[in-house]
Amino acid sequence: LFWLCCFCIDQHSCICGSFTPDPNAEKPAWAANYSVCKCGEFKYLSGPRCEIDKFDDMIVELYESAPRYTQHLSHIIVVDKDFETLTRIWVLKEIHRGQELRVPQYAIQPSEQK
23 LFWLCCFCID QHSCICGSFT PDPNAEKPAW AANYSVCKCG EFKYLSGPRC
73 EIDKFDDMIV ELYESAPRYT QHLSHIIVVD KDFETLTRIW VLKEIHRGQE
123 LRVPQYAIQP SEQK
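Just so you know, my numbering puts 134 at position 112 of the sequence shown, and the rest follows in order with no gaps.
Calculated from the structure, these hints are not laboratory results. Check the hints yourself; a few may be wrong.
[What the hints assert, rightly or not] Okay, derived cross-link-like pairs now, SDA-like style, lysine to any residue, Cα gap no bigger than 20 Å in a straight line:
1) K103 <-> Q127
2) K49 <-> C36
3) K65 <-> S35
4) K103 <-> Y128
5) K49 <-> G39
6) K76 <-> K115
7) K60 <-> C38
8) K76 <-> L114
9) K49 <-> I111
None of these values were measured; they are calculated from a predicted model.
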């Protein structure tokens with residue numbers, strides 16, 4: 023039993039239009055040199071079409087169900103060679119949630135060999 027998260031989040035469907043949850047909030051100081059996307063796409067921040075709110079529910083379900091299928095649950099984090107995966111806040115949130123549940127975590131990186 024496993025949950026596969028491919029880190030394929032369509033940022034235009036959820037987070038590209040603002041630096042804060044409130045799009046009318048003042049721009050944070052750290053964002054001074056950045057601009058937001060002006061795509062105009064509708065943002066799904068919760069519900070079935072949201073792509074960034076499923077991990078918490080799934081990790082808890084797997085954590086609670088794991089003894090029925092295996093003796094334990096592990097969280098495997100696949101990172102790219104430059105560790106850019108770890109610059110995505112939702113990835114860090116998923117890692118944090120796994121740590122809260124004390125799920126063993128393993129980071130793997132692709133080999134340079136062909």
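Evaluated hints:
1. K103 <-> Q127: Judged against 20 Å, a Cα distance of about 18 Å means the pair holds.
2. K49 <-> C36: Distance of about 18 Å is within 20 Å: holds.
3. K65 <-> S35: At roughly 5 Å apart (the allowed maximum being 20 Å), S35 and K65 satisfy the hint.
4. K103 <-> Y128: Satisfied, since the Cα-Cα distance of roughly 15 Å is no more than 20 Å.
5. K49 <-> G39: holds, 12 Å
6. K76 <-> K115: holds, 12 Å
7. K60 <-> C38: Within the cut-off at roughly 8 Å; holds.
8. K76 <-> L114: Holds, at about 14 Å.
9. K49 <-> I111: Roughly 18 Å between the alpha carbons, so the hint for K49 and I111 holds.
The earlier numbered hints are all upheld by this structure, with none contradicted.
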